[in-house]
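Student: The lines below spell out each chain.
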Amino acid sequence: MDQYVRGLLDRKVSFGKHEAKVSEWLFLAALTALAAALRISVRSFIADDWSTYWSAWLAELETDGFKALAGNFYDYAPPVMYILYLITLLPINAMTAFKGLCCLLELAGAAVIAGIVKECTGSAQKARLSYGIFLFLPTVILNASVWSQCDIIYTLLILCSMYFLLKNRTWTGMWFYGAAFAVKLQTLFIFPLLVILWVRKRLDLKHFITIPVMYLLGILPAWIAGRPFMELIGIYAFQGSKDRWSLSIKFPNIYQIIGNNYFLDEYVGAGMYLILGILMIVMFYMAYQKVRVTKEMLVLMVVFFGILTTYFIPHMHERYLYVTDAFLLIYALIRVKRFPWFVSSAFIGVMGYAEYLSKNPPAISYGVLAWVQLALLVRIGLDLYHYLHNPEYELPARAEEERRIL
Amino acid sequence: MNVDEMLRGLLFRKFRIGRLQFDFLEALLAVCITAAGYLLRTPFEYGPPHWTYLLAEWYLALASGILIFWYTGSRKRALGTYAVLLVLPAVVAEGTILRGDACLGALLFICALLFWENGRRWLFTLTAAALLLCSVRYVGLLAACAVLWQNEKLKTEQLLVLLVSGGARFAAAYRAYLHAGYTLTTFHWPNIYEIVGRESIQGQLIDPIALVGLFLTAGLMILALWLFGMGKVKSDRAFLIRLFLFFGLAAVYFLPYMDQSSGYLFCILGVIYFMLEPKDFFVPMLLQIAVYAGYQECFNGESMMPMAAFAVVQFLIIAYLGIRLLQEMGVIHIWKERSLSTWTD
Numbered sequence: 001m002d003q004y005v006r007g008l009l010d011r012k013v014s015f016g017k018h019e020a021k022v023s024e025w026l027f028l029a030a031l032t033a034l035a036a037a038l039r040i041s042v043r044s045f046i047a048d049d050w051s052t053y054w055s056a057w058l059a060e061l062e063t064d065g066f067k068a069l070a071g072n073f074y075d076y077a078p079p080v081m082y083i084l085y086l087i088t089l090l091p092i093n094a095m096t097a098f099k100g101l102c103c104l105l106e107l108a109g110a111a112v113i114a115g116i117v118k119e120c121t122g123s124a125q126k127a128r129l130s131y132g133i134f135l136f137l138p139t140v141i142l143n144a145s146v147w148s149q150c151d152i153i154y155t156l157l158i159l160c161s162m163y164f165l166l167k168n169r170t171w172t173g174m175w176f177y178g179a180a181f182a183v184k185l186q187t188l189f190i191f192p193l194l195v196i197l198w199v200r201k202r203l204d205l206k207h208f209i210t211i212p213v214m215y216l217l218g219i220l221p222a223w224i225a226g227r228p229f230m231e232l233i234g235i236y237a238f239q240g241s242k243d244r245w246s247l248s249i250k251f252p253n254i255y256q257i258i259g260n261n262y263f264l265d266e267y268v269g270a271g272m273y274l275i276l277g278i279l280m281i282v283m284f285y286m287a288y289q290k291v292r293v294t295k296e297m298l299v300l301m302v303v304f305f306g307i308l309t310t311y312f313i314p315h316m317h318e319r320y321l322y323v324t325d326a327f328l329l330i331y332a333l334i335r336v337k338r339f340p341w342f343v344s345s346a347f348i349g350v351m352g353y354a355e356y357l358s359k360n361p362p363a364i365s366y367g368v369l370a371w372v373q374l375a376l377l378v379r380i381g382l383d384l385y386h387y388l389h390n391p392e393y394e395l396p397a398r399a400e401e402e403r404r405i406l
Numbered sequence: 001m002n003v004d005e006m007l008r009g010l011l012f013r014k015f016r017i018g019r020l021q022f023d024f025l026e027a028l029l030a031v032c033i034t035a036a037g038y039l040l041r042t043p044f045e046y047g048p049p050h051w052t053y054l055l056a057e058w059y060l061a062l063a064s065g066i067l068i069f070w071y072t073g074s075r076k077r078a079l080g081t082y083a084v085l086l087v088l089p090a091v092v093a094e095g096t097i098l099r100g101d102a103c104l105g106a107l108l109f110i111c112a113l114l115f116w117e118n119g120r121r122w123l124f125t126l127t128a129a130a131l132l133l134c135s136v137r138y139v140g141l142l143a144a145c146a147v148l149w150q151n152e153k154l155k156t157e158q159l160l161v162l163l164v165s166g167g168a169r170f171a172a173a174y175r176a177y178l179h180a181g182y183t184l185t186t187f188h189w190p191n192i193y194e195i196v197g198r199e200s201i202q203g204q205l206i207d208p209i210a211l212v213g214l215f216l217t218a219g220l221m222i223l224a225l226w227l228f229g230m231g232k233v234k235s236d237r238a239f240l241i242r243l244f245l246f247f248g249l250a251a252v253y254f255l256p257y258m259d260q261s262s263g264y265l266f267c268i269l270g271v272i273y274f275m276l277e278p279k280d281f282f283v284p285m286l287l288q289i290a291v292y293a294g295y296q297e298c299f300n301g302e303s304m305m306p307m308a309a310f311a312v313v314q315f316l317i318i319a320y321l322g323i324r325l326l327q328e329m330g331v332i333h334i335w336k337e338r339s340l341s342t343w344t345d
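From first to last, the protein sequence lines stand for chains A and W. According to the numbering used here, the stretch in the first sequence is residues 1 to 406, in order. According to the numbering used here, the stretch in the second sequence is residues 1 to 345, in order.
Next comes chain A alone, as it looks inside the complex (with noise of 0.2 Å):
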């Protein structure tokens, strides 16, 4: 009996491409079973967003049906609003089917982020564990299954944009990030890594064209529904001008520190203007070191984009570092000495979805967790800088760079 259940254990099964033992696959199983449970067991919580908003929403679409994307009660993008309206067309409560829906999106984030760990570091172990943690990460169980919230749809298409960049399956992976773009604002966090792609050749212009087009498809369907066009193309500048009551809605940066409650219509304009300003000048920095764009460079910038942006822009949410999280567990297991990094992150992430879920103030101050953010920008930001000035990763002056992310 020993010897077979043993054997059983070790015998390798394939599963499409992939081929692992049995014991590995269990193991698999047993996390996805128990993730399952974990979200169904919070289900019925009720978040003010879905009391205040996401209902209302829902409650409009029910009566007019296909024709209330026509309003313009939602700020959210329109592809947010054609899965609520999926949703009203199905015979379940629309939380349980809204909230089941993005863990089904968790699950494929969860083994996207397993693929570019495999990708990256080529240890199936560690690809394994990535898709662990990412399901049994505080903020990401917390935002979907009990805050009601979908920051796991664009973080998806961002993942799966990376994931085929990291293939250099190029247009693949920019069809994604513009599918990202047209669910959410946020997407452009990261898009001067695509700009400094394309200085270091890896992207064309050509392959931007993606982004408006999948926005424009985007926002086509609520178009013919009726809603004016102009009102769709600025419905990302109508969110921006939403949350003027704090410079920062309970999310860790310079506003925490210097204060968030004053000069509130001023510090908009010019927080987005220094941000632009800093943003220039790493860029230009960046332009100018001829490196090899390796994989690992590709996470690491999606991680120093992710936390610097985040950390000037005024108005940031605590949802806000979901993307950068996941790139930020996958540059852990590339870098498993920035593990403790990656650890604090997803703490600091928690304390602002704790004190919305719990209504009670955090323990630590968001001025003390500003501090810790503002040192992982720093070790981050050192770690990229030791990677472009690595001689093992520079490139001779005349030596023509390669057209793929190595």
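It should be emphasised that the hints constitute simulated quantities derived from the structure, not laboratory data. Every residue gets a Cβ at the ideal spot worked out from N, C-alpha and C, and that includes glycine. Mixed in with the good hints, there may be bad ones.
Stated by the list, open to error - One-sided and incomplete, this derived list gives chain A residues near chain W with beta-carbon spacing under 10 Å: (1) I254; (2) M283; (3) Y288; (4) Y366; (5) G367; (6) W371; (7) L374; (8) Y385.
Given chain A, work out where chain W should sit, using these hints.
Tutor: Chain W only, in chain A's frame:
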């Protein structure tokens, strides 16, 4: 050649105007960052930014860029300095929000450094003397000049000019301050008084906290001069900037009645220092946060975090700079060699 290759080629193509050679990307950054710097100031104004302040800040950024170019010979670092200074929050806070005159002081000191670099010591002396006459907040630079004099980088008559101008401003300023009946010993400037308590003692002939602080600063400066006098000044530029940063910051850290603008010049020097010593990036970064926190408290009347926290950050910066200077000048080595218990002359 396709469009991508043409555009990428254009980015790094070299152009020449007279003796000035530059890449297209450098020119692009210069233009874009100037525009960003202008736009950064517009949200705080009803109309366009005030042209006098704008011009002074632009000239400050330009002069600092030139200084870095003279120091390093690197166009990119010079452009980086120009770019950072145009969008530096402390600069915007002082000129655009507060309409303060600290930019003038910084400009004078950058000019003084340009003269120093040119070897024109008298012009350096006169410009630095003008700076010392401008405000008492620059008095720490006098101590740095005294260290340079100890190492024969400045002549005695030059030091005397500086001593007279600095001393006159110091005496005049504190004669007024000590009799003004201020209720605070620091005005939005995160220094030692934010740690020990910033409320002045009222209803007495003197305020002992301010008076002790004043003499403490003078005593510490003289002690520091004695200590630094044991070592040898290095001739590199990073050392020079570190020396000015240390003494300048240390003085305003202990002097009473300093305000938020006391950190302005040192934010500028911090950026210059970073361009010379990129490894010490945390010095300008932390300094900028601490100084801007002071400005923020000035605008808002309250600080998001306790000002004492920023005062501790400043103290750590000063301590770091001081220890590095002592190490470089060989003072720590001398102290180790002559153990205090056995030290005889």
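Student: Determine for every hint whether it applies to the structure shown.
Tutor: Hints and how they fare:
About 8 Å separates the beta-carbon of I254(A) from the nearest beta-carbon of chain W, less than 10 Å, and the hint is met. Contact between M283(A) and chain W, as hinted, is supported at the beta carbon level, the nearest pair being about 9 Å apart and thus within 10 Å. Look at Y288(A): its Cβ gets to within about 7 Å of chain W, closer than 10 Å, so that hint holds up. Against a cut-off of 10 Å between C-beta atoms, the interface hint on Y366(A) holds, since the closest Cβ of chain W lies about 9 Å away.
Checking G367(A) against chain W by beta carbon gives a least distance of about 4 Å; that is within 10 Å, so the hint holds. The criterion of a C-beta within 10 Å of any C-beta in chain W is met by W371(A), whose closest approach is roughly 9 Å, and the hint holds. Contact between L374(A) and chain W, as hinted, is supported at the beta carbon level, the nearest pair being about 8 Å apart and thus within 10 Å. Given hint, Y385(A) at the interface with chain W, holds; its Cβ is 8 Å from that chain's nearest Cβ, closer than 10 Å.
Checked against the numbered hints given earlier, the structure satisfies every one of them.
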